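Chemist: Sequence:
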Amino acid sequence: MEASIEISPQRVYEVLEGVKDPEMDSISIMDLGMVGEVTTEENNVKVVLLPTFLGCPALEIIKKNTINAVKELPEVKDVQVEFVFHPPWTSDRITERGHVNLRKFGIAPPPRQMEADGSWHIDCAYCGSTYVTMENVFGPTACRSILYCKSCKNVFEAMKPVSTLM
13 MEASIEISPQ RVYEVLEGVK DPEMDSISIM DLGMVGEVTT EENNVKVVLL PTFLGCPALE
73 IIKKNTINAV KELPEVKDVQ VEFVFHPPWT SDRITERGHV NLRKFGIAPP PRQMEADGSW
133 HIDCAYCGST YVTMENVFGP TACRSILYCK SCKNVFEAMK PVSTLM
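The sequence shown begins at 13 in the working numbering and counts up by one.
Treat the hints as calculated values from the structure; they're not laboratory data. Do not take every clue at face value.
Here are the in silico distance ranges between beta carbons for each label pair [said to hold, decoys possible]: (1) 167 x 83: 19 to 25 Å; (2) 99 x 140: 30 to 36 Å; (3) 160 x 60: 34 to 40 Å; (4) 104 x 53: 26 to 32 Å; (5) 69 x 108: 23 to 29 Å; (6) 165 x 54: 53 to 59 Å.
Nothing here was measured: the structure is a model prediction, and the numbers come from that model. For each residue, glycine too, the CB sits at the ideal point set by N, CA and C.
Make a model of the complete structure from these sequences and hints.
Modeler: Rendered as structure tokens:
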């Protein structure tokens with residue numbers, strides 16, 4: 013009789029580093045701060061994810077990719093993925109590596125701080141200039157806006173800041 017090797021939550025977290033956001037494939041769901049919790053019991057895995065925005069069209073793809081990645085671990089029998097809305101995801105959950113990878117992808121990361129009135133400022137994703145204007149708060153996805161840099165003359169996208177302190 014073979015001894016069963018139990019899967020550790022840490023091993024699952026390591027695998028989730030490879031699950032990318034399908035709309036921004038330079039950043040993992042771990043670096044976006046979407047992974048709320050991983051639990052394991054008798055080689056069954058449950059992954060709790062925090063959606064970045066309600067109605068995000070990528071959620072089902074993220075769920076499928078999460079299941080497929082975790083099932084690659086030979087000791088895993090079953091994987092469940094659950095989306096929860098409490099605690100809510102905020103842009104403060106994005107890791108420093110996530111900020112770097114967003115910039116590499118040409119998307120300005122959300123600011124770490126917003127003004128008291130709820131306004132926010134983003135530096136250019138390409139040249140770092142502060143001479144930026146908001147072209148459209150509604151970008152190609154619910155989580156991004158479109159901005160224009162007056163220094164380098166590039167249009168770029170920025171992740172919208174979301175905070176529980178708004």
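Chemist: Against this structure, judge whether each hint is valid.
Modeler: Do the hints match the structure? See the list:
A C-beta distance of roughly 40 Å is found between residue 167 and residue 83, which places it outside the suggested range of 19 to 25 Å. Between residue 99 and residue 140 the beta carbons are some 32 Å apart, a value that agrees with the proposed interval 30 to 36 Å. Separation of residue 160 from residue 60 is about 38 Å and conforms to the stated range, judged on CB atoms against 34 to 40 Å. The hinted range of 26 to 32 Å is satisfied by residue 104 and residue 53, whose Cβ atoms lie roughly 30 Å apart.
Between residue 69 and residue 108 the beta carbon distance is about 27 Å. The supplied range of 23 to 29 Å therefore holds. Range check, residue 165 to residue 54: about 58 Å between beta-carbon atoms, so the 53 to 59 Å window is met.
Against the hints set out earlier in the document, a violation occurs for number 1 only.
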